[in-house]
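S.K.: Sequence:
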Amino acid sequence: MATAVRHQPIASFQTHPSQYRHWKLRIEGAIARLVMDVKEENGLRPDDYELKQNSYDLGVDIELCDAIERLRFEHPEVRALVFESALPKVFCAGANIRMLASSTHGFKVNFCRYTNETRLSLEDASANSGLRSICAANGTAAGGGYELALAADSIYLVDDGNAAVSLPEVPLLGVLPGTGGLTRLVDKRKVRRDLADLFCTKAEGFRARDAVKYKLVDGSFPRSRWDAGINEIAAKTAAASPARASKGVTLSVVPSEVVGRVRKYRSVELALDAEGRVATLTVRGPDAPAPKDLVAEGAETWSMRVFREIDDALLHLRFNHDTVGLVLVRTEGDAAAVLAHDEAIQGDTWFAREIRLLQARVLRRLDNTAKSIFALIDRGSCFAGTLFELALAADRSYMLSDDDDSPTVQPTRIASGGAYPMGTGLSRIAARFARTPDKAEEILNLAEGISSEDALEHGLVTLAPDAIDWDDEIRIAIEERISLSPDALTGMEQNLRFVGTEGCDTKIFGRLSAWQNWIFQRPNAVGEEGALTLYGHPTRPRFDFRRT
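Counting in this note's numbering, the sequence shown runs from 11 upward without gaps.
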């Protein structure tokens, strides 16, 4: 019987197609094919589970995330992406059940959060980069396999009398389809809720005829016409999407080194305190002039590189530093240099647009990180333009008030006016001033740096201690925060951060994931006689039938 194990740290969240173990990426002009061929013995913890039937673990999803990013940056000529399986009768069996059953609760939560963000990045590529995706399910797509399909623009299922789509988590495992399945079923595909209820409690799912009937898939082909049918769909999809460019930009490795309790990148530093409860994320401004030729600068241009470094640091925080409860965000550098680099990525060229979209995704990852975030704006800070978004994303911001050497902040319209929306679709400054939207507009019209006194008056920062009180106030705020219940703080922060109308993205994290995380701790799922614990064993689960 599987038992929870101590989660091993994840050494790296970076990979390259030449290192893929589980996917094959083929480029055929305007069409790319991403073929799932999961190697059973190559999971992250091979002693604990085998990745049978194209089931996946975090390692499989890290490769998937990398492939999507590379298509956006390295292959802008691609306009249609086809997901396929190398297995003859199975598309994907979803997240590996033994992996989940043998993982700590914290790992399960962060695994689901990461897989959700990867699928949202696929939808973002369709909505904003013209990269349409097609799921060609040449076999059964179950659980997370169907959830991957749901993230695509269209789904086709082979009609061979055997292949089916299903979300069997409730009847088989006593948990939810935690990678957006329930939400996309009714919000994206708009399947009628009673039919969705029937589908989600029918472990075997529906084969092609009924799947088409209930709008679970967009179409089907018999196996004899499968290749021709999918090729035709792919060609039509590519033709309908406008071309972006003929030559891309190479995604270089994001190097870092660990020195003691500090992970160092070129422009980012992640430092942990001695107890491992507080981390300081320091972001340095540009150390070179803004590029005149953005494509020639490539992935090394500061605007792209620094956000890739922040992204990598956030993933290490989530998976490898679960006792960190508070992240202090600092910046260092020249605000004018930050603004110059922001200007360099404006315009409608494909590469500038992709950099802005990357920055937006990283900021949303910060929004969804289960750590308290305090921005500390003191001497030498450069919270301007895109870097001021880090302060707006924080749960609180403290700005030093010093008559002799006071820092400034500088929100700009190009950064805070809507270019980097939250999951709700609102800009962070609009969310901040939801009660007084005119105030947001007033601030965006300011053309210069804003002093601590004015920033406090405008409501751009939480508190502005003077130089005498600064150290004590920050120390007390830190001590108070890390003394509180981390569970209560996570729930509080996720409720307070997302102002405004709920959307599909926020419902996935705020409703589906929240309920899943609760279920992951309930005995009906993970107790000695729970459904997830007993999956694959002859013993049937025993449920506590009291509703709560």
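Just so you know, these hints were derived from the structure itself, not from any lab. Where is the CB? At the ideal position from N, CA and C, for every residue including glycine. There may be inaccurate statements among the hints.
Computed beta-carbon distance windows for the label pairs [what the hints assert, rightly or not]:
#1 Pro548 with Val509: 43 to 51 angstroms
#2 Trp525 with Arg485: 33 to 41 angstroms
#3 Val263 with Arg485: 19 to 27 angstroms
#4 Ala137 with Glu50: 31 to 39 angstroms
#5 Phe553 with Gly469: 47 to 55 angstroms
#6 Arg532 with Ala250: 43 to 51 angstroms
Below 27 angstroms or equal to it, Euclidean Cα-Cα: the simulated DSSO-like pairs (lysine-lysine) are [to be verified]:
#7 Lys99 with Lys34
#8 Lys257 with Lys274
#9 Lys62 with Lys200
#10 Lys225 with Lys200
#11 Lys257 with Lys223
#12 Lys225 with Lys198
#13 Lys246 with Lys34
S.K.: Hint by hint, note whether the structure agrees.
M.R.: So, going through the hints one by one against the coordinates:
no. : hint                                   : result
1   : Pro548 with Val509: 43 to 51 angstroms : holds (50 angstroms)
2   : Trp525 with Arg485: 33 to 41 angstroms : holds (37 angstroms)
3   : Val263 with Arg485: 19 to 27 angstroms : violated (38 angstroms)
4   : Ala137 with Glu50: 31 to 39 angstroms  : holds (35 angstroms)
5   : Phe553 with Gly469: 47 to 55 angstroms : holds (50 angstroms)
6   : Arg532 with Ala250: 43 to 51 angstroms : holds (46 angstroms)
7   : Lys99 with Lys34                       : holds (18 angstroms)
8   : Lys257 with Lys274                     : violated (32 angstroms)
9   : Lys62 with Lys200                      : violated (31 angstroms)
10  : Lys225 with Lys200                     : holds (8 angstroms)
11  : Lys257 with Lys223                     : violated (41 angstroms)
12  : Lys225 with Lys198                     : holds (11 angstroms)
13  : Lys246 with Lys34                      : holds (23 angstroms)
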